[in-house]
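Okay, here's what each chain looks like letter by letter:
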Amino acid sequence: MYAIITISIVAIIVLFFGAIQKKAPLLPIIYIGLSLAFILNLLQWNKSIHYYNEMYIADNFSIAFNGVLIFTTLLVFIFAPVYYKPVKRPLEDIYALILFALIGSLTMTGFGNLLMLFVGIETMSLSLYILAGSKKFDPNSNEAAMKYFLTGSFASGFLLFGIALLYGASGSMNLEVIKQYVILHQANMPGMLTIGLLLVAIGMTFKIGAAPFHFWAPDVYEGSPTLITTFMATVGKVAAIAAFFRLMHSSFVEVESIWKLTLTIFAIATILIGNLSAFYQDNVKRMFAYSGIAHAGYMLIAVIALKQQAAGVLLLYSMSYTIATITAFAVLILVREETGTFSIKAFNGLAKHNPREAFAMTIAMLSLAGIPPLVGFAAKYNLFVSAIEQGNLPLVIVAIIGSMISVYFYIRPVIAMYAKQPTGTPAIDSGSNYKKQITLAAVLMILLGLIPGVFVNLI
Amino acid sequence: MIIVLLLVLPLLASLILFTGKLGKHSREFALVVSLIEFAVALVAGYAFTFAENKILNLSLDLKQLLDIDIIINIDAVSLIMIMLTTLLVPVIIASNNIRKVRNHNFFGLILLMQMALIGVFSASEMILFYIFWELAMIPIFLITVIWGGKNKLKISVKFLIYTVVGSFAMLIAILYLYTLTPAPHSFDFAAFYQLKLPYSVQVPVFLAFFLAFAIKIPLFPFHSWQAETYNVSPVQGSMLLAGIMLKMGLYGIIRFILPICPDVVAGGSLIFLPLILFGVIYGAIIAIRQPKLKKMIAFVSLSHVGIIALGLLSNNHYGVEGAILQMFSHGVNVVGFFLCYQIIVIRTGTDMISKLGGIATAAPKFATLFLIVVLANVALPLTNSFVGEFLILLGLFQSNMYIAIIAGLTIILGAVYMLKMFQQVMYGPQTSATNNFRDLTVREMLLFVPIIISIFLVGIYPSFVLQLLQTAVK
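Residue numbers (the working numbering), protein chains in the order written: chain R, 1 to 459; chain G, 1001 to 1474.
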C-alpha cells in the first residue's frame, strides 16, 4: 500500500515540475521514488495486511508481482532518455501517465474485491489509451490509441457486466464471500454465476491479449511509441495475468470444470496464433507484438494448471518475459533511432560495431525462445511440469510445438546481427548508462536462469 | 569434487576468454586449459577404476535454489565419452592455425561446448541432461554462423531447425515419462529406469526419443542437414560436430532407448534396422561419388555412425559393447581425417579430389600418417575400428543374420571409397595445386600423436576398454 501512495506522490511531483518547466530533476525523482516504492513494497513481506474491508490485500502474491512491476517500470524509465533524446520539452505528462498506469497495475495484483479489480484495470487502461496516442502528429499512433480505446472499453464493458452478474448471484463482490458461495453451490451452479464468470474471463482474456480477443494487440503495439509499447507489453500484460490468476485462484478453484476447458482452448489458440503469425513478420516491432500474444498463451497455462506452486511459476515466467522483452525493445529503440526502420534488415551487422548490444539482444532472444540455461527455459520448464502434473498433456505438447516454431523467428535477429554485413551505418553511441543497464539485464537473464528455484518456491 | 572440476574448469576458462582480455594469447590459454582438463579426466579415470561400485557420483540437493536436483553419475560409458571429449578438444584447439576475427570468442565457444558435452555425458537427471543437451547446440550454431563459409545462413538455420525439432520431441517424451514416475514425481534417471512400461506406451516414447537422436546422429531420413553443415562450418566446427557431438545422439540411445524401451528394441528390429541399414549403404555409395573431400568425409561419417546405431539397437550385448567402443574410435578417426583434410586445404587451397594428386612423393611423412588414418577408417585389423566393427557385426549376426550380411558390405564399400580417394589424392602425377606441397612441420606432427596412439592402443589392446564396458552393459 505504501508503494502505491509513494508512486502517487511521485507522479504528482512530476506533474508539478512539468508545470514549472523544469526538465532536469524529473528522471532522478522518478528513479528515487520508484526505488523507494520497491523497498517499501518488499518491507511488507509475510505480513499479509488487509486494507479497507478487504478491498486491497497486500499478501505475498501481490508483493512479489508488485516488485516485478515496479522494477520493470524502473527499467522502462532508464531507457526513456534514449528514446526521448530528440524531444526538448519536459515530458512530464507522459512520465506521470506511466506512473498512473503503474498504480493501476499495482492495484490489480492485490485486489480483494471485484470493484477494486475494475478500478485498477480502468486506471491502467485509461492511462495506456492516452499514452498509445502520445505521439500526437503520427497518424499510426493516433490510430493505435483509437483502436485500443474502442476495443478496450468494449472489453471493460464485458468485465463490468460479468462482475454485475457475479454480484447478482452471490450477493457480494468480495472474493472470499464469492468463494464461500461457490463452495456452497458447486453441485448446482446458478446460470447467472456461470455466465458472469465467463464474461469476466473474456474481459481478462482481452486485457492480457490472448486469442480470440487479441486482434487489437498487433496494431496497437506497432502504432504506439516504442517506449509505451514496451510498457504495455510488460507491465500491462503481467498485471493483467496476475489479476486473472488471483481471481481464479481465490474464488473459482472448486468449479474449474466450468472454465478450464474454455481457457485451455484459448491457450492453445493463443500459442499457435501468436507463434505462427510472428513467423511471417519482417517488422521486428510487430513480431514482438505477436510474440507477446504467444507468451500470454503460455502464461494462461499457469492459470489453467492451478495448484500451490503455480503462482511461483507464473512469477518466474513474468520475470523472464519482462526482462527479455525490455532488453529486446531497448535494443530495438536504439536500432530504430539510427536506421529509421523497424525492419529486420536494420539489425544487419549490429554485432560488428555494437557487440554489447548485440550480445544482450541475443541473450534476450534465446531466453524468449526458451533455450537452456537461460531463465526463459527455467520458466517454461516449470510451467510445463506444473501443467503436466495436472494432466494437461495435449496443452503442453502444443506449447512445446509453439516454442519450437518460436525458435525460428527469435533467431532471425541474432543471425542478422552476427552473420550479415552491416548496411554502412556507423556505430551507434548509446551512452554509458544505457550500456550498463543492458549488460545488467543480460546478466540477470543468465543468473535468474541459474537459480529459478528461489522464485518458484517464493509464494 | 573431480566432477565439479571437470565441469567448471572449461566454463570458467570460456568466460575468461569471452572478456577478450587475453588478446593474442587466447589460443595458448585455451590449449593449456584443455590439456589440464584432459589431465583432470585422466585423474577421474584413475579414481573410477578404484571406485567401489565402478561409478563416480555427485548429487547435490539444491531443489530450493535451482529447482532441479544435481545428480551426476559417471559410469564406464560416461567415462569413455568424457575421455573422448577431453582428448579431442586440445587437438581441435591446437589445429586452428589461421588467425580469425574475434579469435577469443572462437576458443571460448569451443570450451563452452566442451563443458556442455561433458555435462551431457555425465548428467543423471533428465532436466540437467536436457539443459546440457541444448547448451551444446548454441556454441556450434554460433561457430557456424559467425565463421562459416558460403551460404552459412541458410544452412545453419536448417541445422538449428532440425536439432530443435528433435530436442523438443525429446522434451515431450521426458515430461510424459515424468508423469508416469510414482509420486512424488522425479526426473532422476534411476526413477525412469524402474518404470516397467507396457509395450503400447513404449512405442510413442521410443518414437519421440528416436526422432531426437536420429536427427543428432544423424540417421538416414533425417541426415540432410549433416553434409551441408560440415561443408560450411570451419574445420574445427566440423571436428566438434563429427567427432563429439554426434556421439550425443548415440549416447542418448544407450541412456534412454535401451533401458526404457527394451521391448521395442527387442521386437522392432525389422522395422527400423533396415531403415538405418539403408542409410549406411546410401552414405557409402554417395561417398564414392563425392568430388569434394569434406563432403566425402561427411557421408563416410554418415555411413559409419549408422553402423554404430545398428550395433546399439541390435539387442545383443556384443553389439552394444562394440558400438560403444566404436563411438570412441569413430571420434578419433574422423578428427584425424579432418586434420589431414585441413593440412591439404591449407597447403593447396582446394579440396576437389580431382585437382589433387602426387602428394605422397612431396610429403612422405604426411602420407604415412594419412595412410594410418585412412586404414583406421577402413577398419583394418590392428586399428581401433576393427575391434568395434567386428563386435558390432558379431552382435548383429546373432540377432539378425541378413542385416549383418548387408552391413558387412559396407566394409568393402568403405575400402573402395577410402582407397580410391587416397590413391587419387596422394599418388599419381603432381598437379599445379600440389606442386609445392611442404611436408609436415613438427608442430603438425604433434597434433597427430594422440590420434595415432589411440588408434593403435585400442586396436591392439582393446580389452581394457571392453572390460570396463562389460559391467556397464549388463
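Hints in this document: simulated from the structure, not taken from any laboratory. Source: prediction; values computed, not measured. Do not rely on the hints blindly, as some may be mistaken.
In silico lysine to aspartate or glutamate, EDC-like type, Cα no more than 20 Å apart, as pairs [as the list claims (entries may be wrong)]:
1) R:179 - R:54
2) R:85 - R:122
3) G:1154 - R:282
4) G:1063 - R:389
5) R:307 - R:254
6) R:420 - R:282
Would the pair residue 179 of chain R and residue 54 of chain R pass a check requiring their Cα atoms to be no farther apart than 20 Å? holds (14 Å)
When you check the alpha-carbon spacing of residue 85 of chain R and residue 122 of chain R, does it fall within 20 Å? Violated, at about 30 Å.
Need the status of pair residue 307 of chain R, residue 254 of chain R: alpha-carbon distance at most 20 Å? With a Cα-Cα distance of about 12 Å, the restraint between residue 307 of chain R and residue 254 of chain R holds, given a limit of 20 Å.
Holds or violated: residue 1063 of chain G with residue 389 of chain R, Cα cutoff 20 Å? Judged against 20 Å, a Cα distance of about 17 Å means the pair holds.
Does residue 282 of chain R sit within 20 Å of residue 1154 of chain G, going by the straight-line distance between their CA atoms? Roughly 17 Å separates the two Cα atoms, so the pair holds.
Does residue 282 of chain R sit within 20 Å of residue 420 of chain R, going by the straight-line distance between their CA atoms? Status holds; Cα separation ~16 Å.
In terms of the numbered hints stated before, the structure departs from hint 2 and from no other.
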